[in-house]
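Student: Letter by letter, the chains look like this.
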Amino acid sequence: MAEVFKALSDPTRRRVLQLLRERPMTAGELAEHFDVSRPTMSAHFAVLREANLIDATKKGTTITYRIRMSVLEEALLGFAGALGLDVKPARRPAPPRRAMTKEA
Amino acid sequence: MAALASERRLLMLVAAAMTLMMALATWSWAVGMDHASLRLLTGVVMLALWGLVEWRVPRQCAVRGSGAGVLRWHRAVFATIGLFIAMKHGARLAFELQYLDPEWVPVARRSLHVVAGGLMAVWGNYLPKLMSPWQPEEEPFDWQRVHRFVGWAFTIGGIGTMLTWITLPIDQADAWEPAIVGCVVVLSLGRKLYSLATHSAPRGRAESRPL
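Heads up: the sequence lines are chains C and L, in that order.
Just so you know, we're using my numbering here: the first sequence kicks off at 1 and counts up by one.
Just so you know, we're using my numbering here: the second sequence kicks off at 105 and counts up by one.
Since the hints were derived computationally from the structure, they do not count as laboratory data.
Here the structure is a predicted model, which means the values were calculated and not measured.
Positions of the beta carbon are idealized from the N, C-alpha and C atoms, including for glycine.
Treat each hint with caution, since some may be false.
Here are a few chain C residues that face chain L, going by a calculated C-beta distance under 8 angstroms [as the list claims (entries may be wrong)]:
| no. | residue |
| --- | --- |
| 1 | 35 |
| 2 | 67 |
| 3 | 70 |
Using the sequences plus the hints, can you model the full thing?
Tutor: Take a look at the structure:
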């Protein structure tokens, strides 16, 4: 279940799932909807597959993705979208200020 | 090997449930209980439907490896329905033969139906997880959307059945349950027929490079 929560915590992955709810799509069709690099999309697909939320079928060089969500997972997707539960990366601590040195 | 053993166990469970159901229906007919012929007829219909599933599903699902999941889901459903009907027959027989204290009858009935509603919700929840045995462009109907709809219908219907049997008086729950289950079945069949009538395989998909 931790994988499911991790997968649903990202807005891009939630959007992928919403698109796949309409119909099965190829990786290229899905990538057209996002302004991110192919390796990043590929990583998102890997997370969704690991959580068993999508299924991939390879035919030649084309990968077609299909949704594979239980009713509970779909309800969680709805809640996560409605509540905007985005996991933001932890903020990096601000770099320490340089001590002002007085020049004599 | 372990998967094969698990398949065999599930098949044995369905066979045991069906045998128990038919044996208890025959017993109730032998002791001359009311509606015994209806119980026998229900058993025969269940056996025929199970036979149809065992015959059709493996042939339909031979295209992809996901067919095993579809057959497993159907077998789990038939095993639980068979056991549920057998338990109902058993409770009724126990009451008729004066093995069951009449005081416990409402508790037994409520418990049985709450469990049945819970199982219905669990099947419904799992149903959209099953994958289509066809390639996306070869599907005769929009498998995923239909199964998602049916999954939601079963889950809501199951939860509704549970709540009905937990909260309402028994005579009212008795009247509401067939209405809920009937709605779920009619909606599910209607959605599938609609998809069969209107679905056309998607064409002209953009080709994509593997990511």
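Student: Decide, hint by hint, whether the structure agrees.
Tutor: Right, here's what the structure says about each hint:
At its closest, the beta carbon of residue 35 of chain C sits 15 angstroms from a beta carbon of chain L; the interface hint therefore is violated under the 8 angstroms criterion. Evaluation of the residue 67 of chain C hint against chain L yields a held restraint, the C-beta minimum of about 6 angstroms falling below 8 angstroms. Checking residue 70 of chain C against chain L: minimum C-beta separation of about 5 angstroms stays under 8 angstroms; hint holds.
The structure is inconsistent with hint 1 alone, although it conforms to all the rest.
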